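*Asks:* Taking the hints into account, I'd like the entire structure generated from these sequences.
Sequences listed follow chains A and B, in order.
For the record, in the first sequence the residue sitting at position 154 is 154 according to the numbering used here, with numbers rising by one throughout.
The number in the numbering used here is simply the position in the second sequence, starting from 1, with 313 added.
Hints listed in this document are in silico derivations from the structure and should not be mistaken for laboratory results.
Because the structure is a prediction, the values reported are computed rather than measured.
The reader is advised that the hints may include incorrect statements.
[Said to hold, decoys possible] If you want a taste of the chain B side facing chain A, the calculated C-beta under 7 Å gives, among others: (1) Lys315; (2) Val316; (3) Val319; (4) Leu321; (5) Arg326; (6) Gly327; (7) Arg330; (8) Glu331; (9) Arg394; (10) Val402; (11) Ser403; (12) Ala404; (13) Pro496.
Ideal Cβ positions, reconstructed from N, Cα and C, are used throughout, including at glycine.
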Amino acid sequence: MTLPHYWLSLSPSTLICMEKVLEVRGARFDYGATQAVAGVDLDVGAGECVALLGPNGAGKTTLVNLVIGLLAAKEGRVRVRGGDPRIASTRRQLGVVQQSLGFPNTLKVSELVTGAAVRAGVPRSAAGPVMAELDLTDLASRRAAKLSGGQKQRLQLAMALVAEPRLLVLDEPTAGLDVPARRRFWQILAERRARGTGVLLTTHLIEESSAVADRVVVLDRGRVLAEGTPDELVARLPDRTVIARTSLVRTRLEAIPGVVSVRDDGEHVRLGTRAPEALLRVLLAEDPGLTDLRVEGAGLEEAVAGLIERGAA
Amino acid sequence: MKVFRVELADELRGVVREPAALFFSILMPVAFFALFVSLFGKFSNGGLSAGTAMVATFGAFGVISVVLMNPGIGVAADRERGWLRAKRVSAVPISVTLAAKVVAALPYAAGVLLAMMATAAITGSLDAPVPALLRMLLVLVVGALPFALLSLAIGFQVGSGTAAAVLNAVLIPSAVVSGLWMPLSMMPAFFADIARFLPTYHLAGLATAQLTGGPVWAHVFALLGFAVVAAGLAAVSYRHARS
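*Replies:* Have a look at this one:
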């Protein structure tokens with residue numbers, strides 16, 4: 001079978017030919033009068049990590065459900081390595097990690113990973129190595145329902161990886177994990193990506209996606225608003241981030257003209273703005289106790305907020 | 314087949330490792346049966362000892378209670394915890410998962426029947442030949458399968474707590490009106506008029522016919538009709554839960 005390929009630009013001087021593990025073309029899905037996905041195109045290449053970002057109701061969950069075969073597109077096409085994800089043979093190429101999955105109270109870690117192997121059509125013996133890779137060997141005989149949040153996510157990842165899927169779909173995979181557990185999670189995925197597994201990630205942790213994703217796709221109201229590397233998206237906007245310690249309340253900060261996002265960062269506040277000079281004038285005028293003031297280029301979070309605001313305008 | 318074995322093993326582990334569930338599935342119907350058979354077992358009922366007849370009627374109740382409660386509550390709990398979704402995105406057809414849930418209930422249904430037969434034998438009120446008892450066991454276990462479909466239909470729609478309440482609300486009145494606890498001859502006449510429309514009545518009737526040699530086809534057709542309706546309800550309910 002000839003697999004579809006496309007050219008992905010890594011830098012102006014470097015082009016590589018990458019096998020496509022996910023291809024979405026003109027996908028549409030509606031819930032009655034509500035258009036959830038309105039003609040989306042999306043590709044994920046082998047070894048590539050693509051983050052799907054957008055506000056609640058943007059259509060991320062519906063798009064993911066189309067990709068993993070839980071829904072059928074009413075128009076357009078969704079293909080995982082050339083196959084329809086609603087077909088069992090295609091699903092064997094898919095691994096899915098959900099935000100929170102409650103395991104049956106009665107099943108043990110080893111039984112779940114072994115079961116996932118059998119269900120995916122690979123030998124039971126595949127469970128041992130993947131459990132070792134995810135530091136689950138010592139927990140093999142423990143009931144899954146009694147694991148910590150981080151251990152449960154590792155177990156889910158083990159179940160998803162045991163069949164060596166070509167596409168991993170991760171829905172808020174690190175929500176609730178502490179920093180070391182999160183780091184370990186992405187380290188394991190980096191190893192798999194190096195072996196050619198593509199990753200489609202949805203997350204609210206935008207800075208995390210900035211660190212791990214090769215490309216970011218911003219969805220809003222069912223459409224792709226912007227797409228590119230995190231740096232490209234940030235560079236596309238003239239926005240800046242103003243960081244300071246201020247006594248001004250959040251509602252006042254949000255009301256300042258040009259401010260597109262307000263985010264607490266420890267004792268500081270990070271303000272994404274299209275008009276940094278005007279913002280600075282207001283802050284200095286209204287808050288005599290203003291300290292630690294600095295201005296940076298916008299981060300991905302500010303860029304995404306700005307893109308969505310401009311898209312909505 | 315290998316996948317079905319894994320699914321079935323998971324379901325059976327679920328029951329074995331949480332034996333508290335067995336209390337309601339097995340011990341309660343059997344204890345209830347033991348009480349009634351010790352009180353009335355040696356009376357005569359249509360040529361059979363009441364104890365033997367009660368193995369068929371109480372047996373129908375015991376089997377239905379296992380097959381009606383377990384798959385539906387299980388599927389509702391799996392839906393709540395996201396486990397059913399995880400199964401749906403795996404390469405395994407959902408029908409295999411659901412079939413395993415139903416089949417896993419059958420050994421417990423057979424266990425209920427065997428325990429009731431043993432209780433009736435111990436109290437000296439079991440007077441049917443072994444082949445007839447085995448036929449009755451087979452009829453009850455197979456005939457209870459449509460109840461599992463109804464159970465799944467409810468499990469796809471509501472949470473596990475509500476499923477238990479709804480299923481009990483279906484089971485208990487149906488059992489009483491169908492004469493599964495007390496013979497219909499001892500009940501108000503209108504119970505018999507209602508019972509003719511209930512699958513619980515027809516399953517008990519089919520089981521009793523294995524012991525008495527009575528007519529079976531009316532019961533068989535009624536149960537087949539119920540199976541078609543229950544399968545339709547389960548399919549519609551699953552599609553509704555999926556969308």
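*Asks:* Each hint should be assessed against the structure and marked as holding or not.
*Replies:* Checked hints:
Using the Cβ-Cβ criterion of 7 Å, the hint placing B:Lys315 at the interface with chain A is satisfied: the shortest such distance is roughly 6 Å. A least Cβ separation of about 6 Å between B:Val316 and chain A falls short of the 7 Å threshold, and the interface hint therefore holds. With a cut of 7 Å, the hint placing B:Val319 at the interface with chain A holds, because the nearest CB-to-CB distance is about 5 Å. Hint status for B:Leu321 relative to chain A: violated, with the closest Cβ pair at about 11 Å, above 7 Å.
Taking 7 Å as the C-beta cut-off, the interface hint given for B:Arg326 holds, the closest approach to chain A being about 5 Å. A least Cβ separation of about 4 Å between B:Gly327 and chain A falls short of the 7 Å threshold, and the interface hint therefore holds. Hint status for B:Arg330: holds, given a least beta-carbon distance of 4 Å to chain A, under 7 Å. A least Cβ separation of about 6 Å between B:Glu331 and chain A falls short of the 7 Å threshold, and the interface hint therefore holds.
For B:Arg394, the interface hint holds, the least distance from its beta-carbon to any beta-carbon of chain A being 3 Å, beneath 7 Å. Given the 7 Å rule on beta carbons, the hint for B:Val402 holds: about 5 Å separates it from the nearest Cβ of chain A. Against a cut-off of 7 Å between C-beta atoms, the interface hint on B:Ser403 holds, since the closest Cβ of chain A lies about 5 Å away. This hint holds: B:Ala404 has a C-beta 4 Å from the nearest C-beta of chain A, less than the 7 Å allowed.
Nearest Cβ of chain A to the Cβ of B:Pro496: about 40 Å, over the 7 Å cut. The hint is violated.
Hints 4, 13 from the earlier list are contradicted by this structure; the remaining hints agree with it.
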